[in-house]
Amino acid sequence: MTKRETSLGALVAFVVIVVAPLLNALPPEESFFHLSNFSLNLYGKFLTFGVLAISVDLLWGYTGLLSLGQSLFFALGGYAFGMHLMLLIGKLGQYHSDLPDFMVFLGYPKLPPHWVPFKHFWFALGAVALVPGLLALVFGFLAFRSRIKGVYFSILTQALTYGACLLFYRNDFTFGGNNGLTDYKFLLGHDLRSAATQRALYISSALLLLGVYLFSRWLTTTKFGKVQRAIRDSENRVLFSGYAAANFKLFVFVVCAMIAGLGGALYVPQVGIINPSEMEPVKSLEAVVWVAVGGRGTLVGPIIGAVIVNAFKNYANRAFPDYWLMLEGLLFIFSVLFMPKGIVGLPAQIRAALSRPKREEEPAKPAAPAPAPVEAEAESV
Amino acid sequence: MLKKILLCLLLAIAPGFVRAATDAEARSLLAQAIGAASDDDQIKLTAQLPAAPTLKKGLIAWREGGVYLYDSGAAKIAYILDDATDADGKSKAFRIDTGELLKDPAGKPVLFVSSDLNAVDTSARLRRVIQTALDMLALADPDPQARRSAVMKLGMSQKKAYLALLEARRPLEKDVDVRNALDEAAALINLNDPATQAAAIRQLGDLHSIGSYKLLSTIAENPGSPNVKGARAALKQIDTYISWSNFYGTLFRGLSLGSILLIVALGLAITFGLMGVINMAHGEFIAVGAYATYVVQNVFGAGLALSPFGFSINLPGLNLSGARYDSYFLVSLPVAFLCAALVGLLLERAVIQFLYRRPLESLLATWGVSLVLQQSFRLVFGAANVQVNSPGWLSGNMTFHDVIFGYNRLFVIGFAVVIVIGTWLVLTKTPLGLLIRAVMQKRDMAACIGVRTERVNMMTFALGSGLAGLAGAFLSQIDNTGPSMGQHYIVDCFMTVVVGGVGNIVGAICSALGIGMIDETLQPFIGPVMGKITVLAMIILFLQWRPAGLFVTKSRSLEG
Numbered sequence: 001m002t003k004r005e006t007s008l009g010a011l012v013a014f015v016v017i018v019v020a021p022l023l024n025a026l027p028p029e030e031s032f033f034h035l036s037n038f039s040l041n042l043y044g045k046f047l048t049f050g051v052l053a054i055s056v057d058l059l060w061g062y063t064g065l066l067s068l069g070q071s072l073f074f075a076l077g078g079y080a081f082g083m084h085l086m087l088l089i090g091k092l093g094q095y096h097s098d099l100p101d102f103m104v105f106l107g108y109p110k111l112p113p114h115w116v117p118f119k120h121f122w123f124a125l126g127a128v129a130l131v132p133g134l135l136a137l138v139f140g141f142l143a144f145r146s147r148i149k150g151v152y153f154s155i156l157t158q159a160l161t162y163g164a165c166l167l168f169y170r171n172d173f174t175f176g177g178n179n180g181l182t183d184y185k186f187l188l189g190h191d192l193r194s195a196a197t198q199r200a201l202y203i204s205s206a207l208l209l210l211g212v213y214l215f216s217r218w219l220t221t222t223k224f225g226k227v228q229r230a231i232r233d234s235e236n237r238v239l240f241s242g243y244a245a246a247n248f249k250l251f252v253f254v255v256c257a258m259i260a261g262l263g264g265a266l267y268v269p270q271v272g273i274i275n276p277s278e279m280e281p282v283k284s285l286e287a288v289v290w291v292a293v294g295g296r297g298t299l300v301g302p303i304i305g306a307v308i309v310n311a312f313k314n315y316a317n318r319a320f321p322d323y324w325l326m327l328e329g330l331l332f333i334f335s336v337l338f339m340p341k342g343i344v345g346l347p348a349q350i351r352a353a354l355s356r357p358k359r360e361e362e363p364a365k366p367a368a369p370a371p372a373p374v375e376a377e378a379e380s381v
Numbered sequence: 001m002l003k004k005i006l007l008c009l010l011l012a013i014a015p016g017f018v019r020a021a022t023d024a025e026a027r028s029l030l031a032q033a034i035g036a037a038s039d040d041d042q043i044k045l046t047a048q049l050p051a052a053p054t055l056k057k058g059l060i061a062w063r064e065g066g067v068y069l070y071d072s073g074a075a076k077i078a079y080i081l082d083d084a085t086d087a088d089g090k091s092k093a094f095r096i097d098t099g100e101l102l103k104d105p106a107g108k109p110v111l112f113v114s115s116d117l118n119a120v121d122t123s124a125r126l127r128r129v130i131q132t133a134l135d136m137l138a139l140a141d142p143d144p145q146a147r148r149s150a151v152m153k154l155g156m157s158q159k160k161a162y163l164a165l166l167e168a169r170r171p172l173e174k175d176v177d178v179r180n181a182l183d184e185a186a187a188l189i190n191l192n193d194p195a196t197q198a199a200a201i202r203q204l205g206d207l208h209s210i211g212s213y214k215l216l217s218t219i220a221e222n223p224g225s226p227n228v229k230g231a232r233a234a235l236k237q238i239d240t241y242i243s244w245s246n247f248y249g250t251l252f253r254g255l256s257l258g259s260i261l262l263i264v265a266l267g268l269a270i271t272f273g274l275m276g277v278i279n280m281a282h283g284e285f286i287a288v289g290a291y292a293t294y295v296v297q298n299v300f301g302a303g304l305a306l307s308p309f310g311f312s313i314n315l316p317g318l319n320l321s322g323a324r325y326d327s328y329f330l331v332s333l334p335v336a337f338l339c340a341a342l343v344g345l346l347l348e349r350a351v352i353q354f355l356y357r358r359p360l361e362s363l364l365a366t367w368g369v370s371l372v373l374q375q376s377f378r379l380v381f382g383a384a385n386v387q388v389n390s391p392g393w394l395s396g397n398m399t400f401h402d403v404i405f406g407y408n409r410l411f412v413i414g415f416a417v418v419i420v421i422g423t424w425l426v427l428t429k430t431p432l433g434l435l436i437r438a439v440m441q442k443r444d445m446a447a448c449i450g451v452r453t454e455r456v457n458m459m460t461f462a463l464g465s466g467l468a469g470l471a472g473a474f475l476s477q478i479d480n481t482g483p484s485m486g487q488h489y490i491v492d493c494f495m496t497v498v499v500g501g502v503g504n505i506v507g508a509i510c511s512a513l514g515i516g517m518i519d520e521t522l523q524p525f526i527g528p529v530m531g532k533i534t535v536l537a538m539i540i541l542f543l544q545w546r547p548a549g550l551f552v553t554k555s556r557s558l559e560g
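Going down the list, the protein sequences come from chains Y and X.
The first sequence lines up with residues 1 to 381 when you count with the numbering used here.
The second sequence lines up with residues 1 to 560 when you count with the numbering used here.
Heads up, a few of these hints could be off.
[What the hints assert, rightly or not] Derived SDA-like pairs (lysine to any residue); straight-line CA-CA distance at most 25 Å:
1) Y:313 - X:376
2) Y:313 - X:90
3) Y:91 - Y:120
4) Y:283 - X:442
5) Y:91 - Y:130
6) Y:45 - Y:130
7) X:532 - Y:174
8) Y:223 - X:529
9) X:442 - Y:236
10) Y:283 - Y:141
11) Y:110 - X:430
[Claimed, not checked] Negatives, chain Y to chain X, calculated, CB over 12 Å:
12) 27
13) 28
14) 34
15) 64
16) 109
17) 113
18) 163
19) 195
20) 199
21) 200
No lab work stands behind these hints, which were simulated from the structure alone.
Model, not experiment: these values are computed from the prediction.
Heads up, the beta-carbon is just placed ideally off N, CA and C, and yes, glycines get one too.
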């Protein structure tokens, strides 16, 4: 990364973390410079999506593991934090009971034991990262041990997500079933609906994103990161060189699950609800779209992708709701076929196209790392 | 006692009556019975009535005090009143003896207010005889199902009086099920009599009478009864029977669920298994088939008006009905296949041909395609589910030894067998199949000897997609046809193929039947949702044991 890019990045981070909240807090509402609470809240949501996108990219872009389970980890983090928020409502719910509303409604005599420790903020915060991490550890251990890779890994993670989603839709699973957890009132003693709290949540999201970004940057430049990319490009060579590829993959998988969980935890108080629809397999695929559009194999790409696609979705859902899904699909096909390096890779792609203007188009060789093993797989007898 | 013997005699000759006596004769006999002078005569005549279904209404009315007499001067005419009343509260009257409207001598219909009339009196004894006649009527019902339930009703009442009736009916009954029911009912009645109890218990056990389970358990739990042992043995017999019939029921349902899985996954076994293309739009190809069925159905019916993207299309309907309309389903099968194959062909040319070496990207691009298709369905056919009517011969079921066989479930099993055999024939016995196998095994070598691999890819993908369309045509009969119907099947499809072993059609068959069987076995215990979750968990664990699925394609390739 050049010096210029570093200073540009720092500038963007400064604008997002410091300037945007100030614009929300200081100028009067009618001022041109005022950033409405609604917009800030929306941007905060996008930033948590950026965290999710980085977790997808660390797996897919850097390790070659396309996980379709990241929405599950994101939602698990969200549920863990949502449970804490539910318990903070106290007697202010519809039924004026100590129990969360849905428990009264479903006739629970008392708080289920696994809910009790979530009364403590720090426990909830730990669970936000540890619950997804633990699930990833168990699932990843089983999957990588039996050397499930490539598309099989994707399909299995999708099945995991699907199964968990079905489970969370059940009322007797003690997490609110269909309606999920909602109607939060307080967080750490502050009114959740006040502008100041929402601003603080926004700043936390931005800081989390910055932290995750810096961590990922550090991780990918270490020796570990090199092995990671080597696994992506040719896992067999890594194996034959004496590395336990499964352990490396397991580590990245667990770390990414925790990152997704943290993102989900900040997402929930900002949108005010978490329900099983957040962990549907489709949501995972959506996160993959952001990464593909932004540019995988880079760390800025996923963030750009998450923000741009979601901003566009936000606009399109209001402007032409009937066609949004279709546009999303087409955008996806287009970016897979014609922008293998995403928006981030676009300038280089254009430069390359301009530098050899008259030549016949070369056979579509993906500029993106084509996983070599797959060739062998397709040709295996 | 004399009455009972008389009754038996009469019952024995009753079938002669049923055939000989026309409805008109039966009616006039009933009218005579009602008009008879004394109670004894009434009873005698009523006991002689033939078991003609037309008498049911009159007999019920007579027993419940709804029969009146009209004095026409010459004779007294028995009649019943219509249920419907006019504005003045008057209702029409129907003659018992002819079933026609009651008219006065001038030929005008007579109207009555029911509260003004005095019904014909019946004694308690007479009412009992009328009831017997009614029960006999029910036993002679032309529908075996109705006969059976009438028999069981008599049996469950455990009244000794019915025994003669049942025994008289026994030799006349041709239907095996009803005959068994007659035995069962008789045994149930005998159960009440200490003298015949032991034999009855034995008989009930031999007949595997599920209906008598409760009664037998009371005997078995009563320590004072001399037949505790026998009752226990009979209960055990019945228990065994129930568990066997449950077992066969589960087996059958598992087989049909497996067949459904197989039908939906077979296309994927070709596109994913043979070609290595991850087609996330496979579910939408299923929906294409289902919508094609919907369109064909409407063309056979009243026509269809669609307005996709602002254009309006009016498909004229053939306005068929009955069996011809029902045959739409047979027409829709090839149509669904061709539609889905065509969409598959377009997809292969437009997107997938660029992604053969990048399976992860093909997963993403085809997911984009699935979004586009889903939204297209919404825009063309509306966001709500569309109504697809099953042809008559697909609904209904039959019961065999207390196992219910739904016709649609039977059909799906046959359908799966036909499709599998058809696919197998195409792959092994046709030139196209030969090329497909050659290209899938060694693409470069096939290209070297002059096979146009591009074209084979195209055809293979179209074949797989067409099979998905066929699955959709069938699923439209048993499931909702809607824009997102494909999403329900996509995870199951991939699971089936992965468990079976990629690139192996036999594996897909085994895994589809296995998954279907396990799912159906688990469902009664833990419910459908938990059953599905358990199956998913089992699949993940299964892949620990056999990472490459049930049937591994042997290969010396490093990644094979």
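Consistency of the hints with the structure:
1. Y:313 - X:376: holds, 18 Å
2. Y:313 - X:90: violated, 70 Å
3. Y:91 - Y:120: holds, 17 Å
4. Y:283 - X:442: violated, 37 Å
5. Y:91 - Y:130: violated, 29 Å
6. Y:45 - Y:130: holds, 22 Å
7. X:532 - Y:174: The given pair, whose Cα atoms are some 19 Å apart, holds under the 25 Å limit.
8. Y:223 - X:529: violated, 45 Å
9. X:442 - Y:236: holds, 22 Å
10. Y:283 - Y:141: holds, 24 Å
11. Y:110 - X:430: violated, 67 Å
12. 27: Non-interface label on residue 27 of chain Y holds, nearest chain X Cβ at 40 Å vs cutoff 12 Å.
13. 28: holds, 43 Å
14. 34: Label holds. Min Cβ-Cβ 37 Å, cutoff 12 Å.
15. 64: Incorrect as stated: the minimum Cβ-Cβ distance to chain X is 8 Å, not above 12 Å.
16. 109: holds, 23 Å
17. 113: Its Cβ never comes within 12 Å of chain X, the nearest being 21 Å, so this holds.
18. 163: violated, 4 Å
19. 195: Given that every Cβ of chain X is farther than 12 Å from that of residue 195 of chain Y, nearest at about 36 Å, it holds.
20. 199: With a cut-off of 12 Å, residue 199 of chain Y remains clear of chain X, as the shortest Cβ separation is near 35 Å.
21. 200: The claim holds: residue 200 of chain Y sits with its nearest Cβ about 36 Å from chain X, beyond 12 Å.
Consistency with the previously given hints fails for numbers 2, 4, 5, 8, 11, 15, 18, ordered from lowest to highest.
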